[in-house]
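2 protein chains.
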Amino acid sequence: MTSLIVGILAGVLCTVSFLPQAIKIFKTKRAGDLSLITFVALCFGILLWLIYGIMIKELPIILANAAMLVLALLIVVMKIKYSK
Amino acid sequence: MTSLIVGILAGVLCTVSFLPQAIKIFKTKRAGDLSLITFVALCFGILLWLIYGIMIKELPIILANAAMLVLALLIVVMKIKYSK
Numbered sequence: 001m002t003s004l005i006v007g008i009l010a011g012v013l014c015t016v017s018f019l020p021q022a023i024k025i026f027k028t029k030r031a032g033d034l035s036l037i038t039f040v041a042l043c044f045g046i047l048l049w050l051i052y053g054i055m056i057k058e059l060p061i062i063l064a065n066a067a068m069l070v071l072a073l074l075i076v077v078m079k080i081k082y083s084k
Numbered sequence: 001m002t003s004l005i006v007g008i009l010a011g012v013l014c015t016v017s018f019l020p021q022a023i024k025i026f027k028t029k030r031a032g033d034l035s036l037i038t039f040v041a042l043c044f045g046i047l048l049w050l051i052y053g054i055m056i057k058e059l060p061i062i063l064a065n066a067a068m069l070v071l072a073l074l075i076v077v078m079k080i081k082y083s084k
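Protein chains in written order, with the working numbering: chain A, 1 to 84; chain B, 1 to 84.
Don't take each hint at face value.
Same chains, same label: a pair holds when it works inside one copy or across any pair of copies.
Keeping only pairs whose Cα atoms sit at most 25 Å apart, straight-line, the calculated DSS-like set for lysine-lysine is [what the hints assert, rightly or not]:
1. 79 x 57
2. 27 x 57
3. 81 x 57
4. 57 x 29
5. 29 x 81
6. 81 x 27
Hints listed in this document are in silico derivations from the structure and should not be mistaken for laboratory results.
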């Protein structure tokens, strides 16, 4: 039960952490210093964590990675858009 | 067993994904477009995942998050250094 709380906190923190980056790119329309490889690889990595979470039936891993995947994809799309 | 392989792949991919960002900052000495809040929050989030992994005794979670924590901290240090 305690591990569930720690897992949920970890998931919420990691997921929420992507928000300021997404907002910063959206506001400044700049993303030149961000590594595209990093965020594309992160998307695939997060997708694998999501699959892993489904396999071991751990809800915090499933929910956190589903939300993180959406935000990471958004950052990738904005990075490509504003790096043109 | 299959979940262990998926977990290890996810961990390796997410961990390795931080490398190009760290190398990019190191080479360009630029990190202005990166969100400091994002990477500081990620450090705390990854630390909590590490604790969670230890609690549920899942080796892929422990190893991946230990390595990611080192790289995320490195990015935070460089971000602070090169944003001055």
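| message | Cα distance capped at 25 Å. Does residue 27 pair with residue 57 within a copy, between copies, both, or neither? | response | The answer is neither: 38 Å in one copy and 41 Å across copies each exceed 25 Å.
| How would you label the pair residue 29, residue 81 (within, between, both, or neither) given a Cα cut-off of 25 Å? | Classified as both; 9 Å inside a copy, 23 Å across copies.
| request: Give the relationship of residue 81 and residue 27 under a CA distance limit of 25 Å: within one copy only, between copies only, both, or neither. | output: Close inside one copy (13 Å) and across copies (23 Å); limit 25 Å.
| task | Please work out whether the CA atoms of residue 81 and residue 57 approach to 25 Å or closer within one copy, between two copies, in both situations, or in neither? | result | neither (36 Å within a copy, 41 Å between copies)
| task | Could you place residue 57 and residue 29 in one of the four classes (within, between, both, neither) given a Cα distance threshold of 25 Å? | result | neither (39 Å within a copy, 42 Å between copies)
| task | Tell me, please, which holds for residue 79 and residue 57 at an alpha-carbon limit of 25 Å: within, between, both or neither? | result | neither (33 Å within a copy, 36 Å between copies)
The structure shown violates the earlier hints numbered 1, 2, 3 and 4.
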